[in-house]
Amino acid sequence: MNLALALQLLIQGILLGGIYGLTAVGLSLIFGVMGVINFAHGQMMVIGMYISYWILVLVGLDPYLSLPLAAGAIFILGYVIQSTVVNRILDFPEAMQVLPLVAMGLILENLALLFWGPDHRSPSTALGLATFTLGTATVDVSRLIAFSLAIAFTVALFLFLKKSAIGKRIRAAADNRLGAQLVGIKVNRINNIAFGLGAATTGAAGALLLPLMPVSPHLGHDFTTTAFVVVILGGMGNLLGALVGGLILGVTESLATLLLPATLKQVVSFGLLVVIMLIRPQGLFGGRR
Amino acid sequence: MKRLYLLLGLLLLVLLLLPLVLDKYALGIFVMIFFYAYLGQSWNVLTGFTGHISLGHALYVGIGAYVSTFLAQKFGLSPWLGMLAGGVLATLVALSLGFLGFRFGLRGVYFVILTISCAEIARLVVSHIDAVGSFSGIFLDFKPGLANFQFRGNLPYYYISLGFMVLGSLAVHLLARSRTGRLMVAIREDEQAALALGVNTFKYSMTTIGISAFMTSLAGTFYANYVYYLSPNSMFGMGLSIDLILRPIIGGLGTVLGPIIGSFVLTPLSEVSRAYFAKGGLEGMHLVLYGVLAILVVLFMRQGILVYIKRALKPLLKLED
Amino acid sequence: MGQKKSEGKEVSRRAFLKTCGAAGLGAMAISFGVPTLLKAQPKPIKIGSIQPATGPLAVIGQGQRRGNQMAVDFINAKGGIKSLGGAKLELVLGDSETKSEVGRSEADRLIKEGAVVLVGAFESGTGMAVATLAEQRGLPFLVDVATLDDITQKGYKYTFRIFPTSTAFAQRGTDFIKEIMAAKKLSPKRAVVTYVGDAFGKTQGGFFIKHFKAANTGIEIVEEISYPLGIPDLSGEVAKIKAAKPDLLFPICRPGDSMILTRELYKQRVELLGIISPGSPGWYEPSVVRDLDKLALYVMDNVPWINPASPVYQEANKLFEQKYKAYLDTNTGWAYTGVLVIADALERAASIDPDKIVAAFKATNFKDHPMVGDAVQFAPNGDNKNATTAMVQVLPEADPLKRVKVVLPQKFAQAKLVFPAPQLWDRG
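Protein chains in written order, with the numbering used here: chain G, 1 to 289; chain P, 1 to 321; chain X, 1 to 428.
Certain hints may be false.
Said to hold, decoys possible - Among the chain X residues that face chain G by a calculated CB cut under 7 Å, a handful are:
(1) 62
(2) 197
(3) 227
(4) 233
(5) 235
(6) 236
(7) 237
(8) 243
(9) 255
(10) 259
(11) 260
(12) 266
(13) 267
(14) 273
(15) 287
(16) 365
As the list claims (entries may be wrong) - To be clear about the criterion: a stretch of chain P counts as covered by chain G if any three or more of its residues have a C-beta under 8 Å from a C-beta of chain G, and this derived list gives those stretches:
(17) 113-126
(18) 235-245
(19) 298-310
To be clear, the hints were calculated from the coordinates, so they are not data collected in a lab. In this text, a Cβ means the ideal position worked out from N, Cα and C, and glycines have one as well.
My request is simple: use the sequences and hints to build the entire structure.
What follows is the structure in structure tokens.
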């Protein structure tokens, strides 16, 4: 066993896991509150990437600085999607809820294709190639930033839900929609905000990923699946669980590189998923069933 | 009810005679309508009737396609027989998946994840088996002939797929009316209550997933000998899994006619939007339109299109409900 | 859509009869059709183009459409098909969405709309589906780009391919690498091959590895790394490459992953003599050259490239640059050539009867094309006997649109190759 390589992979896995976590946190929040799976999640992230790409190319503002704008724009997108579509399907049978969100993903993906064309776009950014060494291992600065911000955002979101007035209403609506309605909470509006927040985190993830990978309309698809796996690992609806789930997945996939070709790495994540689900269906850290 | 059957019989007659006036392209569209209606029906058996949502049904399509094609290429076995072999394997796989899911009581989203995971694992594993072409997939030989399940024109494919759809729907209809079928619905409505009444929900869930997988895998063989190319991503991928559930959802979940109606709406919709909007300079427009229409259908026809058709035809057919 | 339908109906009915009917029936339809055609403006001849214009390969598919369309415009500007009374060509577009069954259905639709020849399909799976359909319908299909050998090995009579096969790529690639090492008096020992995990990557990679190992180059392939199409992160794979301590990297990419790979090689400071692709996209596209900028430099790619000396190329490329701010590359170049080869066959066939077009294809000896290699001539199985590749290299030049240069073979070379390349992080 090559120790230096293992160390390198471990570091990369942890950093990658933070990003996985951030993409999954929003999905988990949306599921926790509304009980729907946002199949358009990855596509929303891609729109976030395009927005920070646009700002970078047109104004020259670095993705890290335009992050609030990307997150804000995707917040609005999420708010609109919730108020126009998702609020109307909340009491549909589970299987019926799949279609509108799958279709939403298709729409977003192809709108991106129409607006930005099919090219893979990967502009160079200020910190895009920055690294430093830690012993024998190389640490990628933009990944480290993404990782740190991912943790910060998740914790902030968690505290927001715990402490703020809106957060409390969101939790109330998640626990008992009817009850919340009875005590005078405008549940639909609260849902809009919750979906918007979930979307905003994925928009922020998009801005953080722009320095790391080329953006193209079709990119979102795989991120939805990954986010999905992460959410199940951590427990549906459990935000901190999603972060830890992301870390587990990142490290497992990265270390699996030692033994398996990358094309088989996902077998490990899906296998892990099945095993965990059978043993602890509520996810590693508990969640909504 | 009698009038409904009469109407259906009439429609079937129309479909049987339709090729007289259709060109090859139109025939091809109908083949896809029947194909997806049949696939939707096969999925409907499991999800529509028992409520266990599978988002990994591509797994069985893939098994059906790969097994029959492999046997045909390696041993010269007719796909008509290979199809049954694929069906048996698909059933066995489904039963083991079902065993895990039902034994451990995975419901709702957790069952969804289980089905996705198994399909994805299968896709990745098949991608690494050199005997079936790994990533490259299988390129089928074109040897027209009834025994080979391969034909020059679209006409035989039309009738075969129509047969699949009609016989599949008939089977589901009979099943739904049987005691098993009624118990299946009981599981969907309230599994705990069914259990309390002494229904062996495990047994019925297992039966259903087996039937569903068997039916689904047959469609795989058809696909292989219609398109002549199989790849792990297209046959086992999530794209197909999602594609094949859209029609029953739009048509009406848990009804026998739902998948058929859904397919008659959705398949031409995707075909027409592509034909008229997939022009140069507007690449992607047709998929946006398709998505918007699909959302509208769900929003405004929440119980599926079938309910509205029934309502419209009520006076004519003297239906009860 | 209105005018298309009213005008297309007659044509499609006729074309339909022709495609499904026996040769005699087709000939009759033509003998009826020709006199009326001659009097008025002859009806346009439709060519059906099936490319992956949406989905994961959209970037290439849309380029293919442009290549096809520009060649159609070129032929029309020169007076159309003269032997058919100056009939203009018309491109009818199909979108495979990168799915085989959609490609098949689109092909059927284009035939119905009156296409007499099909061209496409970039992705080999769709290529196979369309080739089988062409065989079923008895309509000629010209593969402009698609590498998998299988397509032309099914004994189909109606399918022709102008693009090199994976076998041809592997042989040429190995020879070029030997030639470069000999010329530079280098004897590297270790190499890593990476390929993307899809039909193209697996075949292209597998054939290259097999051929390279058998070729006694003295270079050992110490690691083979495959990764899924559309992977968002290659840090693990690059760490593995670094640990294998290769002198050379032979990557087979799709656009997108090449950018991740190169940046990651930079970040992890993987020292290499150079990056030489055995033949894949991802290195020469305008967007890659622009976005990677200095990091894209010195990469070599073994591809069936344009012939810089060809006047046909120069004329086409000028238009392409004006219109799309991009240059003709391997894929768009062959898409362009595909339609030229079809026009040439139509000219000699002087007919739109499918079997006469097929006969004309078989007799093709088409020299005036924009790509490297001799005249397009088809072997009995339908492959272009003279399809070949060149080694191109991305070299420093102020204008990003002029950076990709042919360096081998000498006959076509535009610049001297630079090897070994300066390390990615030593480029100022």
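Comparing the hints with the structure gives:
1. 62: holds, 5 Å
2. 197: Nearest chain G Cβ about 4 Å off; hint holds.
3. 227: holds, 4 Å
4. 233: holds, 6 Å
5. 235: holds, 4 Å
6. 236: holds, 4 Å
7. 237: Holds: closest Cβ of chain G sits about 6 Å from residue 237 of chain X, inside 7 Å.
8. 243: At about 4 Å, which falls below the 7 Å cut-off, the nearest Cβ of chain G leaves the hint on residue 243 of chain X intact, so it holds.
9. 255: Hint holds; residue 255 of chain X Cβ to chain G Cβ min 5 Å, cut 7 Å.
10. 259: holds, 5 Å
11. 260: Result: holds, 6 Å to nearest chain G Cβ.
12. 266: With a minimum Cβ separation of about 6 Å from chain G (threshold 7 Å), the hint on residue 266 of chain X holds.
13. 267: holds, 5 Å
14. 273: violated, 21 Å
15. 287: Residue 287 of chain X check passes; min Cβ-Cβ to chain G is 5 Å, inside 7 Å.
16. 365: Nearest chain G Cβ about 36 Å off; hint violated.
17. 113-126: holds (count 9)
18. 235-245: holds (count 3)
19. 298-310: holds (count 3)
Checked against the numbered hints given earlier, this structure breaks hints 14, 16; the rest are met.
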